[in-house]
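K.L.:
Protein sequence lines, in the order shown, are assigned to chains B and V. For what it's worth, the working numbering labels the leading residue of the first sequence as 373, then goes sequentially. For what it's worth, the working numbering labels the leading residue of the second sequence as -9, then goes sequentially.
There could be a bad hint or two in this list.
Calculated Cβ distances over 10 Å to all of chain B for the following chain V residues [said to hold, decoys possible]:
{"no.": "1", "residue": "A(-8)"}
{"no.": "2", "residue": "R(-6)"}
{"no.": "3", "residue": "A18"}
{"no.": "4", "residue": "Q51"}
{"no.": "5", "residue": "E117"}
{"no.": "6", "residue": "R118"}
{"no.": "7", "residue": "E135"}
{"no.": "8", "residue": "S146"}
Facing chain V, according to a computed beta carbon distance under 8 Å, are these residues of chain B, among others [stated by the list, open to error]:
{"no.": "9", "residue": "A414"}
{"no.": "10", "residue": "L418"}
{"no.": "11", "residue": "R437"}
{"no.": "12", "residue": "L439"}
{"no.": "13", "residue": "V460"}
If you're looking for bench data, these hints aren't it; they were derived computationally from the structure. All residues carry an ideal CB built from backbone N, CA and C; glycine is no exception.
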Amino acid sequence: MTCRTFRQRAMESSPAAARQALAPELETHRRACPRCAAAWTADRELQRQLDRLRSQSVTVDVRSRVLARLREMPLPDAAVRPARKVAVPALIAGAALAIALLIGWHFPGAELATAWQLAAEQVPQWLAWALQSLVRSALALARLAGALLLDTALMLIAPLQWVRQVQSALPDLLLVNGLMALFLATAVAALLRRLPAPRRLS
Amino acid sequence: MAERARSDREAVCAVRAGDRERFEEIVARYQSMLASLAYRMGIARGDLEDVVSEVFLRLYQRLGAYDPSRPFFPWLYSVALHRIRDLQRRAARQAWRPDVGPPAVEPRGPDLVEQDQLRLALAQLPERYRRPLVLYHLEELSVAETAAALDLPEGSVKVQLLRGRRRLRELMERK
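Let's have the full structure, built from the sequences with the hints guiding it.
P.N.:
Rendered as structure tokens:
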């Protein structure tokens, strides 16, 4: 048995298990390894102290005090912010709509259609154009945030130019917008899953 | 356990419907438990009544946010831990120190000194370790209940428990 296995089994278990005697194979290792024996002893000592602290009772009686204060307060407010399960789809739908509108607003004419119909060899040229567009957009302070997001999305879909056979299956720009919106909405959803749940209103 | 859960739910629904007096049931049932929690989180004995009262008032204010389809117990812990943390932060801005017992002039037995050391070590732990340790080891919540109270995945709670216990052991060994 390795020291790592010993520590995992003997010292990283539940408190209930930590109060029990060691299994024979663990006991054998403990006797053979002074370092594990010392660590195990310290862990048992900690468990003993935790048990003592837990058994220490603390009592208060705040009933009259709390009730007196409650009488001065309004009833609990049931109005809360939407929970995450409601907030996430709403945010995704909002983000998708905003992106679709942004694309339509930023490229009102045939620019996006032209980009989509590029031949594979024209892609670098198109990328240069996209970069220029990005710089141009960055300079337009009023539209800075939306333009950056859009140009990034356009660059991300550039590799799709190589699968031109898909192009014929795309009826119009609406589908392109929809795909990009879906992609970004997925990214937003993935980001949201890493964030803590929205706090409710008190 | 199921009886208590049902009773909690009924009391909460009654209070939300306007019967403030039913909140007394909740206070009576949980006041000592919350006092123990606050004490283990580093609140001084002399401040326990104030802190527990504040926790119940916050609980009352947020009762509208409680989802009766979920267990009351972990939600109560969650609200209490947030409130205790807020009060500790506020007190820290006013030079709060974790109280580890009465003034030094009062004689302390070896057991109490040992417990003071453990509470001091707990107070020195980062909050991300202290909260799961207190809930799991001292309040005897299960891993699932601890995870629900902290709004964390169970896997994260297990990792924090492991690391917290190691850190606590190291802190205790230094004393």
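K.L.:
Evaluate each hint against the coordinates.
P.N.:
Now the hints, each set against the structure:
1. The claim that V/A(-8) lies off the interface holds: its Cβ sits roughly 22 Å from the closest Cβ of chain B, which is beyond the 10 Å cut-off.
2. With 10 Å as the threshold on Cβ separation, the claim that V/R(-6) sits away from chain B holds: the shortest Cβ distance comes to roughly 18 Å.
3. Not every CB of chain B is more than 10 Å from the CB of V/A18 (nearest about 6 Å), against its label as outside the interface.
4. Once the 10 Å rule is applied to beta carbons, V/Q51 is inconsistent with being away from chain B; the minimum gap is 5 Å.
5. Chain B leaves V/E117 outside its interface by the beta-carbon criterion, the shortest separation being 14 Å against a cut-off of 10 Å.
6. For V/R118, the shortest C-beta to C-beta distance to chain B comes to about 13 Å, beyond the 10 Å cut-off, and the non-interface label holds.
7. Its beta-carbon lying about 14 Å from the closest one in chain B, V/E135 satisfies the requirement of being farther than 10 Å from that chain.
8. With a cut of 10 Å on Cβ distances, V/S146 stays outside the contact zone with chain B, its closest approach being about 12 Å.
9. Given hint, B/A414 at the interface with chain V, holds; its Cβ is 6 Å from that chain's nearest Cβ, closer than 8 Å.
10. For the restraint placing B/L418 at the interface with chain V, the shortest Cβ-Cβ distance is roughly 5 Å, inside the 8 Å limit, so the hint holds.
11. Contact between B/R437 and chain V, as hinted, is supported at the beta carbon level, the nearest pair being about 5 Å apart and thus within 8 Å.
12. With a least beta-carbon distance of about 6 Å to chain V, the hint placing B/L439 at the interface is held under the 8 Å criterion.
13. The interface hint given for B/V460 is broken, as the beta carbon of that residue sits about 15 Å from the closest beta carbon of chain V, more than 8 Å.
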